[in-house]
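Going line by line, the protein sequences match chains B and U. Using my numbering, read the first sequence as starting at 173 and increasing by one per residue. Using my numbering, read the second sequence as starting at 4 and increasing by one per residue.
None of these hints come from the bench; they were simulated from the model. Among the clues, some could well be false.
[Claimed, not checked] Listed next, the in silico SDA-like pairs over lysine to any residue satisfying Cα-Cα at most 25 Å (straight line):
hint	chain 1	residue 1	chain 2	residue 2
1	U	297	U	152
2	U	297	U	265
3	B	191	U	57
4	B	191	U	64
5	B	191	U	71
6	U	674	U	692
7	B	191	U	854
8	B	191	U	58
9	U	557	U	532
10	B	191	B	229
11	U	169	U	182
[Claimed, not checked] Distance ranges between label pairs, derived from CB positions:
hint	chain 1	residue 1	chain 2	residue 2	range
12	B	239	U	396	29 to 35 Å
13	B	271	U	424	56 to 62 Å
14	U	27	B	253	16 to 22 Å
15	U	63	B	263	31 to 37 Å
16	U	38	B	268	36 to 42 Å
17	U	27	B	271	50 to 56 Å
18	B	233	U	393	20 to 26 Å
19	U	406	B	239	24 to 30 Å
20	U	406	B	263	41 to 47 Å
21	U	401	B	263	38 to 44 Å
[Unchecked claim] Heads up, incomplete: computed chain U residues facing chain B, CB under 7 Å, no partners named:
hint	residue
22	57
23	703
24	705
Quick caveat: nothing in here was measured; it's all calculated off a predicted structure. Built from N, CA and C at the ideal position, the CB exists for glycine as well.
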Amino acid sequence: MTSTTGELLQGTLAILILKALLPGRPTHGYGIARWLEATTDDVLRIEEGSLYPALRRVEDRGWVTSEWGLSENNRRARFYTITPTGRAHLRAEGAVWLRYAAAVTRVLHAAPALA
Amino acid sequence: MPNVPVWRRYLRFWGPDVDADVEEELGFHLEMRARDFEAMGMTPDEARRAAQERFGDVERVGGELRDHDRRRARARHRREYMSDLLQDLRYAMRGLVRTPGFTAVAVTTLALGIGATTAIFSVVNGVLLRPLPYPDAGRVAIIWMDNRRMGLHEDIHSWPNYVDLKTQTRSFASMTAYSEGGYNVTGACTSGTCEPQRVPAVRATADLFAVLGVRPLAGRVFRAEEEEQERDAVVVIGHGLWTRMFGADPAAVGRTLRLNGRERTVIGVMPAGFAFPNAETELWVPLVLPPQLKEGRNSFWLWVVGRLRPGVTLESAQADMTALARRLEEQYPGNRDYGVHLVSLPQQVVGPSVRTALWVMLGAVAAVLLIGCANVANLMLSRAAVREREVGVRLALGASRGRLVRQLLTESVLLAALGGALGVALAWAGLRVLTGLAPADIPRLDEVRIDGLVLAVTLVVVVATGILFGLVPALQSSRPDLFEALREGGRGGTAGRVGHRLRRTLAAAQVALVVVLLTGAGLLIRSFLELQQVQLGFRPDHLLTMQLTLPGAKYQQDAQRVAFFDALIERTRTLPGVRGVGAISSIFLSKTPNSTNFTIEGRPASRDVSNAEVPLDAITPDYFRVMGIPLTRGRAFTAQDVVTAPPVVIVNESMARRFWPGEDPLGKRFKYGDLESEAPWTTIVGVVGDMRRTGFDAPVRYETFLPLAQTAYGSMTLVVRTTGEPLSLAPAIRSAVRAIDPDQPVYQVRSMDQLLSEMVAQRRFSMALLGTFAGLALLLGLVGVYGVTSFLVAQRTREVGLRIALGAQPAQLVGMVVRQGMAVAAIGLGVGLVAALAGGRLMSGLLYGVSPADAVTLVAVIGLLVLATLLANYVPARRAARVDPLVALRSE
Chain B
173 MTSTTGELLQ GTLAILILKA LLPGRPTHGY GIARWLEATT DDVLRIEEGS LYPALRRVED
233 RGWVTSEWGL SENNRRARFY TITPTGRAHL RAEGAVWLRY AAAVTRVLHA APALA
Chain U
4 MPNVPVWRRY LRFWGPDVDA DVEEELGFHL EMRARDFEAM GMTPDEARRA AQERFGDVER
64 VGGELRDHDR RRARARHRRE YMSDLLQDLR YAMRGLVRTP GFTAVAVTTL ALGIGATTAI
124 FSVVNGVLLR PLPYPDAGRV AIIWMDNRRM GLHEDIHSWP NYVDLKTQTR SFASMTAYSE
184 GGYNVTGACT SGTCEPQRVP AVRATADLFA VLGVRPLAGR VFRAEEEEQE RDAVVVIGHG
244 LWTRMFGADP AAVGRTLRLN GRERTVIGVM PAGFAFPNAE TELWVPLVLP PQLKEGRNSF
304 WLWVVGRLRP GVTLESAQAD MTALARRLEE QYPGNRDYGV HLVSLPQQVV GPSVRTALWV
364 MLGAVAAVLL IGCANVANLM LSRAAVRERE VGVRLALGAS RGRLVRQLLT ESVLLAALGG
424 ALGVALAWAG LRVLTGLAPA DIPRLDEVRI DGLVLAVTLV VVVATGILFG LVPALQSSRP
484 DLFEALREGG RGGTAGRVGH RLRRTLAAAQ VALVVVLLTG AGLLIRSFLE LQQVQLGFRP
544 DHLLTMQLTL PGAKYQQDAQ RVAFFDALIE RTRTLPGVRG VGAISSIFLS KTPNSTNFTI
604 EGRPASRDVS NAEVPLDAIT PDYFRVMGIP LTRGRAFTAQ DVVTAPPVVI VNESMARRFW
664 PGEDPLGKRF KYGDLESEAP WTTIVGVVGD MRRTGFDAPV RYETFLPLAQ TAYGSMTLVV
724 RTTGEPLSLA PAIRSAVRAI DPDQPVYQVR SMDQLLSEMV AQRRFSMALL GTFAGLALLL
784 GLVGVYGVTS FLVAQRTREV GLRIALGAQP AQLVGMVVRQ GMAVAAIGLG VGLVAALAGG
844 RLMSGLLYGV SPADAVTLVA VIGLLVLATL LANYVPARRA ARVDPLVALR SE
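If we strip away everything but chain B, and leave its shape as in the complex, we get (with noise of 0.2 Å):
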């Protein structure tokens, strides 16, 4: 249980959310914080509450839709589903995010090594 939770950057948040979405299938809101629990071993441990936030906003950027339904135990839930649109940001994000990323752990692996 590492607490890097601190303050993902909004645009961060998008790009989970999208991520979680690619699939295609229609996912509601605790889907997608289960998915993102599972696939990071729960180390990004996001804060929910701030989950539902950004998907108004990626909904409004029209990245993805949202509509009601019924869940798996026949509960009224709402349903987001991501677009084309939101596929081509997750493309061109996700790359700049892989680079960045690189960049950083080769700064962190160059010598002198941490401790």
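Given chain B, work out where chain U should sit, using these hints.
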């Protein structure tokens, strides 16, 4: 895929339920998390707490989401509205293009109505609503002398009276006195016309500019210490004169102008638009009080204007001034029956008759617009009847009635907007014609234009008319019983009984409005004709008139002035085409002529004599003969009535009858002023016929005429009786004037016909305008009646065919249809007559010699309308009766 429950989709129609949605979404999350925690072995309570902890601040996030969703819902609502609107507009546009005939008729009708309304409203706006170019002009008041002796509410003051008012008032912050006049302006101009010109001027106390609150554009205005002989050689000039004579050069300040031959330094230039008291006034000079008028309590020659002290209303000022006038009446016997009457400047500039006329015109165009609206509403109803099936289908397919009404209203407002756009163009063009034709004495006409306010009002009118003529047809056509509309098949069915009643109501309303307008126009026409019957008391044909004012500086001696006019008359008399020539100090009198009281010799002072005031007019011996004014007793003046001869006077019949009833006035003597006055006794040597000198619609006054040779006036009007067209003689007479004195300007060169026509120009203009509107209303109204009858008859084609087949005579059928149509018209006629009687009273100020309930006018209007509506009903009825029964029956 998740299922969307039907109930939710239904609710969505009203927009998303934001609060419930947010609560549900977050609730679902917390519940799921708690369930997972429970599966990991927590108790339900622990699980719920842990879920909330993990989530963070549920309240804050919930609030944030609700705000966001609400914003989004609103934005979407707007978007949908706009897209619906666009869709409606496209739909309406297509509909209008598909029926070009209907569109053209409707747009033209509306353009006429809206255009006329816009044009008249611009006039109302420019003349009545837009403030005068003086700050807080409503707080400036004309302080009139209420002359109860003469029954003149708006009379002018004497100097001592003005001083008393100014020093004793508590209601006015500043007060000024002025006298109007004019100057012959010569020389010193740097550009433009350098010919001698006559410029209307004002001699005023320096307070004038403070009262009006206007500062000069360049230079300064005059000061109180300049109101003295020798120090008064200054002049403030108007913007127009500055441009005309100095090419708007700022260096004009400091130059000199010769006014009546005397040099004055230009000290200031007033801004454009400053024109007080008249639009033509362009010179303001200090008022220098002539010594003999300083104590002259019975010499009335000053206009007085003041600015109210802050916080004082016109009413309280009136009360204050009335009390003040009463004190003066007690103090000075000569002030008996002199009160004070205040009129605010805006009210004074645009008098009640112009005000009434303009509001009447605005009412008239509004009525024309309403009649036009009724016609378009009728057309829309017919159109709706044709579309009934389409509407029925759309309703059946689930379109809401509100949505349909909105769409139909979009169409009518679009029509109104097209009419409005065309109307504004018409108004723009119409205004140029209107202001070109309008009489010059409608004040502020040059300020009339289509400005922002006018356009804003037009926009409101457009939307209002669009809704007015569109709403009822829209409600009507979106309401038919679905089954009925569908069952009626392709036959463009009836809009039902309600529709028929609606059409008849519209037709009756149109007739009523037309009656009101025709009556108004009829009353004005009758007044005008009545006025033309007024006996003027002289022969107005073939008369040329022109004014000359001799400058006092150049013509100081009485003999010089008399000699000038003698010479002028001598030269003019011999010109070819001249049958006679005379001169008078003024042919017509203003409402406040210079006048004085008089005392009859050997008769004890009585109230009715000392209360009478008479104007003093100077004439040349031939004046009455040239004018064709009959000399009923005694003699005219002769060349022997000179200064050294005994003073003589000629009075008019009204005066002779009033003051020497049953006596021979010839040889009787009276003197001007009181018994003690230094004026000499003058002997009456002649009596002349009465003449309307204050205008057609004013009563005849008592008048006295003196020989010019004994009065030596410097300002006279030359009157020339010609054999041919009067104005063609003007150049010859001008050169006669130049031959005597090349610096002497001649002004107001007019034929008598022109003068008389100017006197009735306002009435003629009102009459022509209202007549035009009434004609337009009649035309539109008849189209309306015709349209309704045609439609109702067409609806009954089958019935008519059946009746014919059963042997009914065409004449019977025509009679039936016409009877029904006339029943509708009769209702409109009745309502209209009642309204016209009420409306006529509002315009009684514009009438002359006819009562608002003038029987001749009313009978003529009824007759005209009965004939016209008969025709409008007969034509469609006749057509229906000619129908081939077979065709009619098949028309199903």
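Status of each hint after checking the structure:
no. : hint                      : in the structure
1   : U:297 / U:152             : holds, 23 Å
2   : U:297 / U:265             : holds, 23 Å
3   : B:191 / U:57              : holds, 22 Å
4   : B:191 / U:64              : holds, 23 Å
5   : B:191 / U:71              : holds, 24 Å
6   : U:674 / U:692             : holds, 22 Å
7   : B:191 / U:854             : violated, 91 Å
8   : B:191 / U:58              : holds, 21 Å
9   : U:557 / U:532             : violated, 47 Å
10  : B:191 / B:229             : holds, 15 Å
11  : U:169 / U:182             : holds, 16 Å
12  : B:239 / U:396: 29 to 35 Å : holds, 32 Å
13  : B:271 / U:424: 56 to 62 Å : holds, 59 Å
14  : U:27 / B:253: 16 to 22 Å  : holds, 19 Å
15  : U:63 / B:263: 31 to 37 Å  : holds, 33 Å
16  : U:38 / B:268: 36 to 42 Å  : holds, 38 Å
17  : U:27 / B:271: 50 to 56 Å  : violated, 40 Å
18  : B:233 / U:393: 20 to 26 Å : violated, 42 Å
19  : U:406 / B:239: 24 to 30 Å : holds, 25 Å
20  : U:406 / B:263: 41 to 47 Å : holds, 42 Å
21  : U:401 / B:263: 38 to 44 Å : holds, 42 Å
22  : 57                        : holds, 6 Å
23  : 703                       : violated, 86 Å
24  : 705                       : violated, 90 Å
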